[in-house]
Structure formats: C-alpha cells, structure tokens
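Each residue of the sequence shown is one higher than the last, beginning at 0 in numbering that gives the first Met the number 0.
Hint data in this document are derived by calculation from the structure and do not stem from the laboratory. For each residue, glycine too, the CB sits at the ideal point set by N, CA and C. Check the hints yourself; a few may be wrong.
[To be verified] What follows is a set of in silico ranges between Cβ atoms, one per label pair, in the way DEER data are often shown:
| no. | residue 1 | residue 2 | range |
| --- | --- | --- | --- |
| 1 | Arg243 | Gln26 | 12 to 22 Å |
| 2 | Val303 | Ile169 | 25 to 35 Å |
| 3 | Gly61 | Ile169 | 19 to 29 Å |
| 4 | Leu209 | Ile116 | 48 to 58 Å |
| 5 | Glu22 | Arg350 | 40 to 50 Å |
| 6 | Glu22 | Arg129 | 15 to 25 Å |
| 7 | Val112 | Thr285 | 13 to 23 Å |
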Amino acid sequence: MGETPVSATDDPASLAASLLAEEARRQSEQQERSARVVLPDDLLPGVGGERMTMRDTLREGGVATILVICFVVIVEQIGRVALSVLGPDVQDTMGISDTTLTGVASFGSVALVLGAIPLAWLADHMSRKRIVVISLFGGAAGLALTGLVVNPFQLFWALSAVGFAMAYGIPVFGSLMADTYPIQGRARIFALFFMAQPVGHLVGPFLVGLIADVAGGLEGWRWVYFIAAVPTALLGIVAALFLREPARGRFEEELVLGGQLERSDAVPELPVTISTAYQRMKKIKTFYYICVGIGVLGFAFVAVPIQLGLLLENSYGYGAYTRGWVTSLGTSGSIVAIPIAGLLYDRVFRRDPYAAYFG
Numbered sequence: 000m001g002e003t004p005v006s007a008t009d010d011p012a013s014l015a016a017s018l019l020a021e022e023a024r025r026q027s028e029q030q031e032r033s034a035r036v037v038l039p040d041d042l043l044p045g046v047g048g049e050r051m052t053m054r055d056t057l058r059e060g061g062v063a064t065i066l067v068i069c070f071v072v073i074v075e076q077i078g079r080v081a082l083s084v085l086g087p088d089v090q091d092t093m094g095i096s097d098t099t100l101t102g103v104a105s106f107g108s109v110a111l112v113l114g115a116i117p118l119a120w121l122a123d124h125m126s127r128k129r130i131v132v133i134s135l136f137g138g139a140a141g142l143a144l145t146g147l148v149v150n151p152f153q154l155f156w157a158l159s160a161v162g163f164a165m166a167y168g169i170p171v172f173g174s175l176m177a178d179t180y181p182i183q184g185r186a187r188i189f190a191l192f193f194m195a196q197p198v199g200h201l202v203g204p205f206l207v208g209l210i211a212d213v214a215g216g217l218e219g220w221r222w223v224y225f226i227a228a229v230p231t232a233l234l235g236i237v238a239a240l241f242l243r244e245p246a247r248g249r250f251e252e253e254l255v256l257g258g259q260l261e262r263s264d265a266v267p268e269l270p271v272t273i274s275t276a277y278q279r280m281k282k283i284k285t286f287y288y289i290c291v292g293i294g295v296l297g298f299a300f301v302a303v304p305i306q307l308g309l310l311l312e313n314s315y316g317y318g319a320y321t322r323g324w325v326t327s328l329g330t331s332g333s334i335v336a337i338p339i340a341g342l343l344y345d346r347v348f349r350r351d352p353y354a355a356y357f358g
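Work the whole structure out from these sequences, hints included.
So this is what it looks like as structure tokens:
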C-alpha cells in the first residue's frame, strides 16, 4: 500500500505558523479597536468659546440650584467638624481613650467615602434631586441620634450613619452643577461650590464651640448635634421645593451635536458600568495622581482634626469655645484663594486645556 500524502494543514509547522498568524491578526485588530482617539484641543467642548460672565451663567442655569447646594454644604460641615472640636468632651462623657475616639471618628469618615460608590450608582439610575432630599433627612436623623448615644458602640453607628447620609454630595452635586450650568461659566460655579466648604469649616467649628459653651456642663456637646439636625432637615424641605433635575449632558450635546438628543422611556440610555467608566478614567494621568494623592491625604484629613482637638484640650486647657475658633482660623485662606483660582482656570482652559491641567 502507498503512503497517504501529508497535506499542508496536517503539517505541524504549518499549523503553528497559521495559529501565530491568526493570533497576530487578532491582536492587531484589538489594538485598532481600543486605540485612543485624541481630539485636537480646539475641538473639545468649551475650548475657544466666548467668555461668559457669572451673571449670564446664573441666568442660564438659575440661582436656586447653586444657592441650595452651597447652603447644604455649609450646614453639613457643622456635623462633619463637630467631633474634632467636641472630641475631648465626648471622651470625658464616655470615658474612652484617644485611640477609641480616633477610631470611631475615623470610621465615620470612611463611611462618607465608601458610601459615595453606591450613591453614585443610584445617581445614574434615579432622580438626583430625590437622593439629595432623602439623604438630608437621613443625615438629620443621624445627627439627632448622635446626640443621644451613651456608649462608644452607639457613637460608632451614629457617626457611620451620618457619614453615609452625607456621602451623596461627592457624586451628586458635581453632576447636578455640570448639567445645570453652561461649560463657559462652569468653573466659577464649581468655585462657589468649593468655596462653600471652607466657609462651612470657618463657621462650623466656631458655632460648634459656641453652642457647647452656652449649653454648658459635661454633656453640653449633645445640644450641638440636636441643633445641627434642625437646619439639615429644613434644607431637605427646601431642596424638595426648589432644587430641579436637569437634563443629563445637555450643554455638551448642544456644543458637540448642535442640539439635545431626544430621550424617551421606551428607548432608555445605554448603561455604562462603574468598571467601564473606571477603565476609561484611569487612562487619564491626572485622575490617577488625584486618586493617589487623596488616598495619602486621607490619613491627615481623618486623624489630624481629632488629634488637634485633643492637643488643644490636654496641652493648653482650651474649652470647647476656644477650640472652635482656633480650628476655624485654619481655613480662612481658602476662602480668598478659591474664587481667584476659579476665575483663572476659566481663562486658561479656554486658551489651552493642557496648560489648565498640567501647568
């Protein structure tokens, strides 16, 4: 019998060569699909546009949104900074150590950060206005419960509830302002927003110390949380009445597409998962550096305020009122610097976006 001829496809060398060629073709196509499309700077939304004054920006988007947001941020700072001023008093009431006090306070800040992830997901799937209203009422309830705690375990859960209730501000307020105000004046709107935070840090510790001092006694600190719950709940009512839900991506669509896309319940928007968004964002070096920097600074933001309050009481014998106004002075410089930075950023971004991000 004659031998059966070996075809090219049966030859191991040919098979290996075909597999390698196919793999090379597949990788080449994948690289083409995933290649980044870098638009010229002058095609980016907002670049090269005409300057928009603050008055025109507020006329376009309305005063109510930024006013409500700023008042909410200022009032919420009272609850956030309270323990840094009242820490020694809470410690004396419950008889806990510095380590326990710092640990309990730290987890409240951790809840503030971790809570932003599920609330950001909710903000993509439901009304952001509704999230603000519900969170404000939840924060008011958490503040009131904090004033009633009698042991570290209860304090732990009360502060965690307050931190989680306030976590909505990180993802929700930014998108609300971006969708309410045009790109040409958006940086100054964000400057007002970020200026509200140091204003709250300036006024908050002073008011906290004043209320505790007026209330007097070893447990005068409880009145701070009871009183802070009242304006928080009132702002929940104000937000329900005056805050509005803007169309998502309105100004970007108008600049890029020349008009807004028609949306209907019958044709929902394509969902974008958090993992997909993160994969895109991490390609931006600025985003990566911000994440690393905030992670490092988090240690200082969480522990230092509590330790400062303990230092002022243990080493200098300062009471709640003095600790309050000493803490307030630390943020006064930000109130002057932030509006100037917002104005300069608007000018630089319109001229050169790269310089705005990287100097």
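Structure-based check of each hint:
Taking 12 to 22 Å as the suggested C-beta distance range, the pair Arg243 and Gln26 does not conform, at roughly 49 Å. For the hinted restraint 25 to 35 Å between Val303 and Ile169, the CB-CB distance of approximately 20 Å leaves it violated. Gly61 and Ile169 have their C-beta atoms about 23 Å apart, which keeps the hinted 19 to 29 Å range intact. Taking 48 to 58 Å as the suggested C-beta distance range, the pair Leu209 and Ile116 does not conform, at roughly 36 Å.
Between Glu22 and Arg350 the Cβ separation comes to about 46 Å, which falls inside the hinted range of 40 to 50 Å. Restraint check, Glu22 to Arg129: a C-beta distance of roughly 50 Å breaks the suggested window 15 to 25 Å. In this structure the supplied range 13 to 23 Å holds for Val112 paired with Thr285, their Cβ-Cβ distance being about 20 Å.
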